[in-house]
Amino acid sequence: MDLNKLYFDHQLLLMKARSPVTPQARSEKLAAARAIAGRIARFQHALGAASAAAWGSQSTQLCECSA
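Heads up, the sequence shown is in our numbering, so the first residue is 833 and it goes up one at a time.
Hints in this document: simulated from the structure, not taken from any laboratory. We put the CB at the ideal spot given by N, CA and C, even for glycine. Fair warning: there could be bad hints in the mix.
Unchecked claim - Below, computed lysine to any residue pairings styled on SDA-like, alpha-carbon distance capped at 25 angstroms:
(1) 861 with 897
(2) 837 with 875
(3) 848 with 862
(4) 861 with 849
(5) 861 with 875
(6) 848 with 881
(7) 861 with 880
Claimed, not checked - Restraint ranges, calculated between C-beta atoms of paired labels, are given here:
(8) 836 with 880: 16 to 26 angstroms
(9) 856 with 880: 30 to 40 angstroms
(10) 834 with 863: 16 to 26 angstroms
Could you put the whole structure together from the sequences, leaning on the hints where they help?
Encoded structure:
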């Protein structure tokens, strides 16, 4: 799994969600960003990465993708 690609895709979706054409498009981009955040969290937790906690449930509440 290319973690850098996942981080990139996550950030790109968040940026695109800031200027959507429709509210539905914004919701779709945020949902996709949440899905990627979940993949990152699962991958990091599986590796026991120290940064894994930052991608857990607490941070997704603080992340723009949870809005």
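_Flag every earlier hint the structure violates by its number, smallest first._
6 and 7
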